[in-house]
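Chains as they are written, first to last, in full-length UniProt numbering: chain A, 1 to 208; chain B, 1 to 208; chain C, 1 to 208; chain D, 1 to 208; chain E, 1 to 208; chain F, 1 to 208.
Calculated from the structure, these hints are not laboratory results. Predicted model only: the values in this text are computed from it and were never measured. It cannot be assumed that every hint is accurate.
Quick list of the computed label-pair ranges, beta carbon to beta carbon [as the list claims (entries may be wrong)]: (1) P40/D x K131/A: 34 to 44 Å; (2) L27/D x H47/E: 29 to 39 Å; (3) E57/A x L27/D: 50 to 60 Å; (4) A56/C x S29/A: 46 to 56 Å; (5) K134/B x K130/A: 41 to 51 Å; (6) L27/D x K134/B: 53 to 63 Å; (7) S133/B x P194/C: 26 to 36 Å; (8) E195/E x G53/A: 30 to 40 Å; (9) A56/F x S61/E: 48 to 58 Å; (10) K198/A x Y151/E: 36 to 46 Å.
Chain D stretches covered by chain E per the calculated footprint, using a threshold of three residues with CB under 8 Å from any CB of chain E [to be verified]: (11) 20 to 30; (12) 33 to 41.
Backbone N, C-alpha and C define an ideal beta-carbon position, used for all residues, glycine too.
As a plain string of letters, each chain reads:
Number of protein chains: 6
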Amino acid sequence: MFHIFFLLPLLLSTSYASVNDFCVADLKSPDSPAGYPCKPPAKVTTHDFVYAGLAAEGSTSNIINAAVTPAFVAQFPGLNGLGLSAARLDIAPGGVIPLHTHPGASELLIVTEGLVTVGFIASDNSVYVKKLSKGQLFILPQGLLHFQLSYGKSKAVAYAVFSSSNPGLQILDFALFASNFSSSLITQTTFLDPEQVKKLKSVLGGSG
Amino acid sequence: MFHIFFLLPLLLSTSYASVNDFCVADLKSPDSPAGYPCKPPAKVTTHDFVYAGLAAEGSTSNIINAAVTPAFVAQFPGLNGLGLSAARLDIAPGGVIPLHTHPGASELLIVTEGLVTVGFIASDNSVYVKKLSKGQLFILPQGLLHFQLSYGKSKAVAYAVFSSSNPGLQILDFALFASNFSSSLITQTTFLDPEQVKKLKSVLGGSG
Amino acid sequence: MFHIFFLLPLLLSTSYASVNDFCVADLKSPDSPAGYPCKPPAKVTTHDFVYAGLAAEGSTSNIINAAVTPAFVAQFPGLNGLGLSAARLDIAPGGVIPLHTHPGASELLIVTEGLVTVGFIASDNSVYVKKLSKGQLFILPQGLLHFQLSYGKSKAVAYAVFSSSNPGLQILDFALFASNFSSSLITQTTFLDPEQVKKLKSVLGGSG
Amino acid sequence: MFHIFFLLPLLLSTSYASVNDFCVADLKSPDSPAGYPCKPPAKVTTHDFVYAGLAAEGSTSNIINAAVTPAFVAQFPGLNGLGLSAARLDIAPGGVIPLHTHPGASELLIVTEGLVTVGFIASDNSVYVKKLSKGQLFILPQGLLHFQLSYGKSKAVAYAVFSSSNPGLQILDFALFASNFSSSLITQTTFLDPEQVKKLKSVLGGSG
Amino acid sequence: MFHIFFLLPLLLSTSYASVNDFCVADLKSPDSPAGYPCKPPAKVTTHDFVYAGLAAEGSTSNIINAAVTPAFVAQFPGLNGLGLSAARLDIAPGGVIPLHTHPGASELLIVTEGLVTVGFIASDNSVYVKKLSKGQLFILPQGLLHFQLSYGKSKAVAYAVFSSSNPGLQILDFALFASNFSSSLITQTTFLDPEQVKKLKSVLGGSG
Amino acid sequence: MFHIFFLLPLLLSTSYASVNDFCVADLKSPDSPAGYPCKPPAKVTTHDFVYAGLAAEGSTSNIINAAVTPAFVAQFPGLNGLGLSAARLDIAPGGVIPLHTHPGASELLIVTEGLVTVGFIASDNSVYVKKLSKGQLFILPQGLLHFQLSYGKSKAVAYAVFSSSNPGLQILDFALFASNFSSSLITQTTFLDPEQVKKLKSVLGGSG
């Protein structure tokens, strides 16, 4: 490289400044099927790539003795369009993340503390259940019913990581019994007894 | 589930309200390569997921004795970003949907009334033609020239379903003879005779 | 076009024969994340693009008074890789397609006979329900719990079309009560009473 | 970096050797919707990433005074799965690449010699035509009818680059008049006169 | 649901068994651009969805005082086609994961122990660096140079999660100085001095 | 076609005008993960599909005796969403395009003048180098370090074509030595000597 000390005209024009390596979400603008519009590049700072909201323990003083703390694009705008998001699971002894699905993503579960039983049900009604300990991984294919629960005597912590920045979360019991899905339609579209439906709606706050 | 009657703090924060299971098109905003921006979630109603525009028969009193009634994203905004759209085909006896392509989607044809001949031509110039009756399906791979015509004595109805919410539609004769594609360029880029071009431009309204 | 009558050497080499406009599934070879390997092009015939299996009425003499007849890639190999598939729904009066999800696709519902109530529950537990009549369309976003039922006095027929050649189907009650998902895990991961679980397992044939 | 002179155990296991930066096509195995299976990594050489087949001028001694020489995955296996391919266009004075579509890709045209008129017709029958000179680029959106012709007194050369390793090519006149698409179906599905069809079939070799 | 106790013919045929909710990699078959062929569904067990290889600490007794232990599809076949993978980073005090890129994926970093400095350089040469503590997340956009190092007095552990089951890993210094990239080409294509290149090749084992 | 001379009501409603065959970028609106919003269709002209900015030779009077002139979406808005872009490489004798990556695209190189040596380094540190002459093609897989240099006595010209309308460009030496990446972090995350780093920062203008 002979001319190394002669820094002449720039190799490339400044137009490269517009290359979009990333697209930090502007959450105040409307979403689109591919994600949010990008924040102006000039306003992007290191802060946009960091999220500290999963550092604190979620409160497990609730009906399920567990907490799900999301770091989806709505919480962590730097994820926008990059095909990744996460959630922290805190599960007290005896706690459970009830049966749920993520309509738009597969999930990779990483246990970082305690003992976690994870399981899912496939389309052919096969059931896959596994007891995991610290450091073990489990992959949950997209859109299938699954759960996590703590099987140890101390609390468990796990990270769920998703293949979308906006994976969605549909909790079965909440969809049925905490919504305004009418009791009549529930008994027509499931095999549940009306008494069971009535009882759970009263517990979970559903109407209709 | 011991604590079932003690509904304590919510499992999840309200931030989940922003999860985008769907993205109903805001057709007044500019389109993008992935579709339209989403209508604000708070304004979405059941109405956005329904489309009644294909319930009525299309008029076949025209040059082709047939009608194509689209339910693309422009007509049915709830399709936005979901990779699906449809069209209703009404074909009177002797009617025909002339040779055309969909630049951005494959098509699944479902015959629901009458008798339909469908066919397409592949890149290697192979021709695939089939006479279909009620209830039969035919798959038309993306971007290839194809047609549908009624071969029975009564009218035919079929639904064409597409693998995009905005599949496009390029009708061969309209592209050539109902446009301002100049006669000179047509004869240069096809093997058609100038007289044929002139005649069809006069029929279909082309200029240039 | 002066030289039109002198057909000289071919414009293009025969190598174009290998262009893959389509990829009819070779179902005897292993599947892959993108679909099945392609049947040799020389063996593809018109027959590969046709499917007649939805022309016949499905039997509704069963517990749900309804039938789902699939035309997924396993039944209709021509769909492979083209991002589309279908199913025929036959619903006798009072019949119902119970709550279910498609883990890998959105669904466009087209009612072609009778009266159908369709509904889905979104991630935020909003419920969208609509009574449809012949010719109406309804879009069901990917991965969410939904159902169809007949609300008229005569049978209903509808086509469900999917944005994948292999959309999957997880029927909620079957996943829970017709599988070997243990009663203990069901009661831990839902709020259902053990008696309800026991009863439905006995009805639907589940074990564990 | 204190320990720079003490090269200790390898940072990473040899399992990284299986990372697939690329997937050179094994053309002897069946294709799939996502492309061909990969050649074993151990057999990949620099030669797999090079293609010299576009270096030679294509013969323009034919009915269109032009030649299209493809470098698709079938000719250049290193392109497999990488979303790119190319073709060389040689167009003698007065020559033309007739109206055609690429069912599976957009095209970027780069003129490297001579003068080229390029044009396409959009779904709404708008026509976009432009005379290009050396070094100019033109973008042709996926699946639309387009053409290229030489408008100068010397030959023209251009490279067409595609957004797929297997873009497909459907030449309008060949699809209609060099295939076994029956004359009866052609006149039914276009507005062409039977005499015109008969004449062009005789020129281009079609049957049926 | 009147007929609940009369379990009649099955709702659906057994053909649903072929629905591919997942596609566990058959690593003995050739890879493809979309991933490996699927293991036969009948041979899939719960074990295929679990990976324990990240539970053990990686050895940091090496030149970088750090270890990267991958859980890519080659190690964890259940990830195949699901758009996710992971790696465990162990970084002793003073250790560093040197500058590297992942050619095919974005990375979400989750610190689970200790203190980690992470940084990346964007296309416009902007530098984003952040000191992270336990529980904090950082998103690294696809394909950009980045690094992680321990800035605390005790070892750090982090999980890197990727938006592909096969993200790739190109370590800058290894690409330059542990390969057979010739010294002549290195000095021509970087601004490095020949003495520097020679020294680092001797340290890292490069040739040429 | 009996009724050919009676052009009756239009086959299709005007709603087709909104079909988006293309989406010319409105560069004044914010970008999104899928590209820019579309310019209003009514304002699109032929000019939007043409780019003349690569017709002129780039100046090679600089430190690398070479120039890269981009035709990315920021320069050529018609490319938006179509999965293609290009750049012109001018390389004087002895000139070099230094080691760089494109984070978001594979590259197809087409040599149109002179002699070009091209090479890339794979994830497993294999090196692939090839001397190309006019008309030869080389494919560079996404995200890997690569270079181009002129090995002849006259200048070389090549077109690089990319599988994205916004491929990105990270030049290794500029990322390290023309940025504000601190010398301390450079020496920690590479094996480079502090003196080398200091020297190159002074040449290339880096700080920190």
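Which hints, by number, does the structure contradict? Numbers 6, 7, 8 and 10 - these are the hints that the structure violates, sorted from lowest upward.
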